[in-house]
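Novice: Each chain is listed here by its residues.
There are 2 protein chains.
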Amino acid sequence: MSTDLLLQNIRKHISLTGVEGDKIISKLKKITLKKKQFLLHEGQIAHEVAFVISGCLRSFSVDENGFEHILQFAPAEWWITDMYSFISEKEAHLSIDALMDTEIMTLSRKNQLQLFDEIPGLERYFRILTENSLVASRSRLIDNLSLTAKQRYQKFCTTYPSLINTLPQKLIAAYIGVTPEFLSKLRKL
Amino acid sequence: MSTDLLLQNIRKHISLTGVEGDKIISKLKKITLKKKQFLLHEGQIAHEVAFVISGCLRSFSVDENGFEHILQFAPAEWWITDMYSFISEKEAHLSIDALMDTEIMTLSRKNQLQLFDEIPGLERYFRILTENSLVASRSRLIDNLSLTAKQRYQKFCTTYPSLINTLPQKLIAAYIGVTPEFLSKLRKL
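Those protein sequence lines, which keep their order, are chains A and B.
Here the first sequence stands for residues 21 to 209, numbered as in the numbering used here.
Here the second sequence stands for residues 21 to 209, numbered as in the numbering used here.
No wet-lab data here; the hints were simulated from the structure.
There may be inaccurate statements among the hints.
It does not matter which identical chain is meant; a pair holds if it fits inside one copy or across any two.
As the list claims (entries may be wrong) - Distance condition first, Cα-Cα at most 30 Å in a straight line; then the derived DSS-like pairs of lysine-lysine:
1) Lys-205 x Lys-175
2) Lys-110 x Lys-170
3) Lys-170 x Lys-32
4) Lys-130 x Lys-32
5) Lys-32 x Lys-47
6) Lys-170 x Lys-190
7) Lys-56 x Lys-130
8) Lys-208 x Lys-32
Chain A on its own, in the form it takes in the complex (with noise of 0.2 Å):
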């Protein structure tokens, strides 16, 4: 069932009580979405966060000159959100779409807080999870910052082995900072 994979998702950080699992899943809402069907528009308020059970979500931004960068991929068994906004209730600034059909689990930030005065566990789970998802950022950061393209595109695919050959390569592209043309040149390296 779907929201197995989510509570081993959790055991894998923290121990859980049966009851306790039951309790989390009692405050999620399950939602399916199509293909390029949007979760949330820049504008909007992130009141969820979203674990994927199956398919991928992405979060961009649109720039001034109407340029998508991609912060984030989603495939299964990611959580996904507008963290900013979600966190202080105020406008996204990213967009999250499906890039295929998919299948979630979402989780208001108002249970969130509630669950975490329940469950002390959940809390740590989140506070781990934030920890490891800090250092991916800020390691993207300094890649940004310091590496070639081709490094960047090897970080790519240790990062998410499950989307090299699922995904289109101008979303690959749009992600790595690259046209899709010279994302072609680097495979073929």
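Given chain A, work out where chain B should sit, using these hints.
Specialist: Below, chain B alone, put in the same frame as chain A:
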């Protein structure tokens, strides 16, 4: 007293009894760094996270071509470490040094995790701080991909108001990713 600044900072986010505050303080180590002195060298393990009482630290990496890339400044009341090394106990990718004479309190990962078990509120404090750091890091990532140098300089001024007139221009230039000459032109506008 220097410990008051830290306890005040923690109490902005969570409530803490006197006994809990004393227990936290007992796990901290006070260190004074001279200007240009290193707290951490790339390749070492970051066993500690540092809270700045006065002065300013920075974390940075040096790329294959010898260029320095500044990831973070930490003026008073900021925490800083190589998060990757701190949570994984692997070799740090970053170095951390003092930009002026600086007084810090350090907390080891071992003591931090032990305190999380004893004082759940402290885990909440660090969960909140890590969420905020993640928002800042992702925002900078998007900025580097999509903003002009002028807009990145404006963001720097918002993020680090206390540093605009205290840091050498070349450090601010290295942070926003322009030459010192170009930054000088930006400031005249």
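Novice: At most 30 Å between alpha carbons: which applies to Lys-170 and Lys-32, within, between, both or neither?
Specialist: neither (33 Å within a copy, 44 Å between copies)
Novice: Up to 30 Å between alpha-carbons, please classify Lys-170 paired with Lys-190: within, between, both or neither.
Specialist: Intra 16 Å, inter 29 Å, cutoff 30 Å: intra and inter.
Novice: Pop the pair Lys-56 and Lys-130 into one bin, within, between, both or neither, using alpha-carbon distances up to 30 Å.
Specialist: Classified as within; 28 Å inside a copy, 45 Å across copies.
Novice: First find the shortest C-alpha distance between Lys-205 and Lys-175 inside one copy, then the shortest across copies, and answer within, between, both or neither for a cut-off of 30 Å.
Specialist: within (17 Å within a copy, 35 Å between copies)
Novice: Check Lys-208 against Lys-32 for me: Cα-Cα at most 30 Å, and say if that holds within a copy, between copies, both or neither.
Specialist: neither (37 Å within a copy, 54 Å between copies)
Novice: With 30 Å as the alpha-carbon cut-off, assign the pair Lys-110 and Lys-170 to within, between, both or neither.
Specialist: between (37 Å within a copy, 25 Å between copies)
Novice: Is the C-alpha distance from Lys-32 to Lys-47 at most 30 Å within one copy, between copies, in both cases, or in neither?
Specialist: Close inside one copy (20 Å) and across copies (29 Å); limit 30 Å.
Novice: Within, between, both or neither: how does the pair Lys-130, Lys-32 come out at a Cα-Cα threshold of 30 Å?
Specialist: Both: 24 Å inside a chain and 20 Å across chains, each within 30 Å.
The structure shown violates the earlier hints numbered 3 and 8.
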